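S.K.: Here's the letter readout for the chains.
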Amino acid sequence: MLKSFNGIIEAAKSGSIKRLVIPAATMMDMQPLGKAAGAELIIPCLVGGGKAIEDMIEETPLKSLPHEIIDEKDPNKALNTAIKYIREGRADILMQGSVNHQTLMDAVMDAKNGLRKGKLMSYISVFQLPKPEKLILVTDTFINNSPSLAEKQFILEHALRLTGILGIDAPKVAALAAIEQINLNIPSTLDAAILSKMSERKQFGKAIVEGPLDIDCALSKAAAARKGLRSAVTGNVDIYLVPEVDTGHLLAEALVFFGKMETAGAIMGTTNPVIMNLPFVSEENRFVEIAIASLRCGKGGDGA
Amino acid sequence: MIRSLDDFSRIAQEKGPKKLAVLAPEDEDFMLAVKTSWQKGYIEPVLIGNTEKMQRVAEKVEFDIGGFEKIIGDERQAIADLGLNMLFSGKIAIVSKGQIPTSYIYRSIIREENKAGSGMTVSVVTFWEVPGLDHLIAFTDTGVSIKPDMKTKAEIIKNALFVYRLMGYPKPRIAVLSGQREIGGTLSSYRDFELLRQAAATGDFGECEIVDGTSFTELFLGGRSRVPDYRGVNREDIPHILLVPCLDTGNIICKLDFFLDVTRCSLVATSRGPVCIPSRSDTSDNIVEQLAMCVVVVDRMTGEVS
Numbered sequence: 000m001l002k003s004f005n006g007i008i009e010a011a012k013s014g015s016i017k018r019l020v021i022p023a024a025t026m027m028d029m030q031p032l033g034k035a036a037g038a039e040l041i042i043p044c045l046v047g048g049g050k051a052i053e054d055m056i057e058e059t060p061l062k063s064l065p066h067e068i069i070d071e072k073d074p075n076k077a078l079n080t081a082i083k084y085i086r087e088g089r090a091d092i093l094m095q096g097s098v099n100h101q102t103l104m105d106a107v108m109d110a111k112n113g114l115r116k117g118k119l120m121s122y123i124s125v126f127q128l129p130k131p132e133k134l135i136l137v138t139d140t141f142i143n144n145s146p147s148l149a150e151k152q153f154i155l156e157h158a159l160r161l162t163g164i165l166g167i168d169a170p171k172v173a174a175l176a177a178i179e180q181i182n183l184n185i186p187s188t189l190d191a192a193i194l195s196k197m198s199e200r201k202q203f204g205k206a207i208v209e210g211p212l213d214i215d216c217a218l219s220k221a222a223a224a225r226k227g228l229r230s231a232v233t234g235n236v237d238i239y240l241v242p243e244v245d246t247g248h249l250l251a252e253a254l255v256f257f258g259k260m261e262t263a264g265a266i267m268g269t270t271n272p273v274i275m276n277l278p279f280v281s282e283e284n285r286f287v288e289i290a291i292a293s294l295r296c297g298k299g300g301d302g303a
Numbered sequence: 000m001i002r003s004l005d006d007f008s009r010i011a012q013e014k015g016p017k018k019l020a021v022l023a024p025e026d027e028d029f030m031l032a033v034k035t036s037w038q039k040g041y042i043e044p045v046l047i048g049n050t051e052k053m054q055r056v057a058e059k060v061e062f063d064i065g066g067f068e069k070i071i072g073d074e075r076q077a078i079a080d081l082g083l084n085m086l087f088s089g090k091i092a093i094v095s096k097g098q099i100p101t102s103y104i105y106r107s108i109i110r111e112e113n114k115a116g117s118g119m120t121v122s123v124v125t126f127w128e129v130p131g132l133d134h135l136i137a138f139t140d141t142g143v144s145i146k147p148d149m150k151t152k153a154e155i156i157k158n159a160l161f162v163y164r165l166m167g168y169p170k171p172r173i174a175v176l177s178g179q180r181e182i183g184g185t186l187s188s189y190r191d192f193e194l195l196r197q198a199a200a201t202g203d204f205g206e207c208e209i210v211d212g213t214s215f216t217e218l219f220l221g222g223r224s225r226v227p228d229y230r231g232v233n234r235e236d237i238p239h240i241l242l243v244p245c246l247d248t249g250n251i252i253c254k255l256d257f258f259l260d261v262t263r264c265s266l267v268a269t270s271r272g273p274v275c276i277p278s279r280s281d282t283s284d285n286i287v288e289q290l291a292m293c294v295v296v297v298d299r300m301t302g303e304v305s
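Respectively, the protein sequence lines represent chains A and H.
Residue numbering for the first sequence follows numbering that gives the first Met the number 0, beginning at 0 and increasing consecutively.
Residue numbering for the second sequence follows numbering that gives the first Met the number 0, beginning at 0 and increasing consecutively.
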């Protein structure tokens, strides 16, 4: 079981070298690309104006490392070219580069020419806890605004797929809500209760889903006990499933900015790993995102 | 200006004791908090609940409650109603929830506010003390409105401003939080931000500022897309009041004190005085801090500003 970002990187190093394609890369992409190429995780394939890219990498470690430049002078076509490389099997991983989020999402989700697999895509924020050393997943923190119950099921299945790749056996899931009791006026409590029931009936394999759980019960076994709630999940959660994106996005940010926690992310629901460029993920941890993507390659995609 | 929970504790000792109606103190942690708060001079308790149960937990925490006023009661809603009626009729200064469902307390508050014709929306303000920050930050509404509309959010802001101004800040800064990203269209929480910001700019909330940022990334990074080391960002720029989009968000984020190096303290500000509503998962020490905060708030509400 992988318990840290270093563990993820080491595990990725033991796999084969992947080809990572990135449209319209900027200088900010050079550090993670250089580190990942130096660690022999990837061979970067940079799509854009050939001369401009050559000039950019001139003073970076990438210059002396294996890489490929795919000449595409029209910046509007760089993303489509990158995706085409993936679809044709000439690259394994797509990284965002300087195209904006919506443009990236539209292209990736395109039914005909994109990379989407399954009914929806979701975003998982992976956090590294120092004591005890442990990885936790929070989802969906970026893509789905107000997922329905059925969509939450897919989001949860995506997270379970990632815990499987990270070697977390029988993951414990907190289906979060404002309170730990079912309140018919609070939809998140109902969704959480249903997912919990589905888990009882083994619809999520060995995963244990507890819900609804408020965050204090999820985080602390003692706090849960004071509320009369006893469960294998409380105080030992692997996956935090949030009700909607207001909560998910702000929760992930709160952990980073107030908790000074390290985070990396993964888009799920695609044929190949796609790495997004979020501002609250440090440059150092974008290298971790490449390592996560590398571990996911060759697993047949993760669409639900 | 009150900048820390220690400030609340210090001032509560100076300004106490305040008469506190304690609703069903039938749990050891809670009774211990009442004992400690009384010993520190914050409160003079009026105990409302089942006599046997109160006596039993008092003995367990070695608290002699023989000298305090006691009112016998068993039915939870009746106890909540009585306590809030005592607050609104001026017989006591503060109410605190013991072993009573929070929804019963809110129901009683709403009834009393309606009777008083105050028009005040009930909302919860949860303070965080964050190491390195020079002020407390107040999340709201963390307890009552499940999915407040823009009009309700305006009332929630007014309540939080009322409390924050009592703490000595004439022009608090407010962030209207949202999960708005570059994808997925415009969230209702973001539309509310835009409308509330306009309302603040035209003076609807008095002296205050709604800052131009709805995410922690924007608040911490000041709108920049990325900095090499965001840990070095000046956290004193963080607004005083953080309006959360909905109850799920508010409750989930404000209770991250179980995980992060922050200390949490909550209260409900009614038009007649504060109501302390500790979570059942709160420890005794945490409840004492919340009572200290209520003592200071009621003291300042009655004009005895120190």
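If you are wondering where the hints come from, they were derived from the structure by calculation, not from laboratory data.
Since the structure is predicted, the reported quantities are computational estimates derived from the model, not experimental observations.
Idealized CB from N, CA, C, for every residue including glycine.
Careful: at least some of the hints might be erroneous.
List time: in silico DSSO-like cross-link candidates among lysine-lysine, alpha-carbon distance up to 27 Å [to be verified]: (1) H:LYS114 / A:LYS226; (2) H:LYS52 / H:LYS14; (3) H:LYS14 / A:LYS226; (4) A:LYS220 / H:LYS52; (5) A:LYS201 / A:LYS12; (6) A:LYS226 / H:LYS52; (7) A:LYS220 / H:LYS18; (8) H:LYS34 / A:LYS226; (9) H:LYS59 / H:LYS34; (10) A:LYS72 / A:LYS50; (11) A:LYS196 / H:LYS18.
From the derived model, a few chain A residues whose C-beta atoms are all more than 12 Å from chain H [to be verified]: (12) ASP105; (13) PRO186; (14) ALA222; (15) SER230; (16) GLY247.
S.K.: Decide, hint by hint, whether the structure agrees.
M.R.: Here's how the hints hold up against the structure:
1. Annotation: proposed proximity of LYS114 of chain H to LYS226 of chain A is violated, straight-line Cα distance about 33 Å (limit 27 Å).
2. The straight-line distance between the Cα atoms of LYS52 of chain H and LYS14 of chain H is roughly 31 Å, outside the 27 Å bound, and the hint therefore fails.
3. The suggested pairing of LYS14 of chain H with LYS226 of chain A is violated, with an alpha-carbon distance near 33 Å, which exceeds 27 Å.
4. Between LYS220 of chain A and LYS52 of chain H the CA atoms are separated by roughly 26 Å; this keeps the pair inside 27 Å, and the hint holds.
5. With a C-alpha separation of about 34 Å, the suggested pair LYS201 of chain A and LYS12 of chain A falls outside the 27 Å cut-off, and the hint is violated.
6. For the hint linking LYS226 of chain A to LYS52 of chain H, the alpha-carbon distance of about 18 Å falls within 27 Å, and the restraint holds.
7. At roughly 35 Å between alpha-carbon atoms, LYS220 of chain A and LYS18 of chain H are farther apart than 27 Å, so this suggested pair is violated.
8. For the proposed pair LYS34 of chain H and LYS226 of chain A, the alpha carbon gap of about 22 Å is at most 27 Å, so the pair holds.
9. With a C-alpha separation of about 12 Å, the suggested pairing of LYS59 of chain H with LYS34 of chain H holds against the 27 Å cut-off.
10. Distance restraint check for LYS72 of chain A and LYS50 of chain A: the Cα-Cα separation of roughly 9 Å lies within the 27 Å cut-off, and the hinted pair is therefore satisfied.
11. Note on LYS196 of chain A and LYS18 of chain H: the hinted pairing is violated, with a Cα-Cα distance of about 46 Å set against a maximum of 27 Å.
12. Listed as outside the interface, ASP105 of chain A is inconsistent with that label: its C-beta sits roughly 9 Å from the nearest C-beta of chain H, within the 12 Å cut-off.
13. In this structure PRO186 of chain A is not separated from chain H by more than 12 Å, as the shortest Cβ-Cβ distance comes to only about 9 Å.
14. Listed as a non-interface residue, ALA222 of chain A fails to keep its Cβ farther than 12 Å from every Cβ of chain H; the least gap is roughly 4 Å.
15. Under the 12 Å C-beta cut-off, the non-interface status given to SER230 of chain A relative to chain H holds; the minimum distance is some 14 Å.
16. In this structure GLY247 of chain A is not separated from chain H by more than 12 Å, as the shortest Cβ-Cβ distance comes to only about 7 Å.
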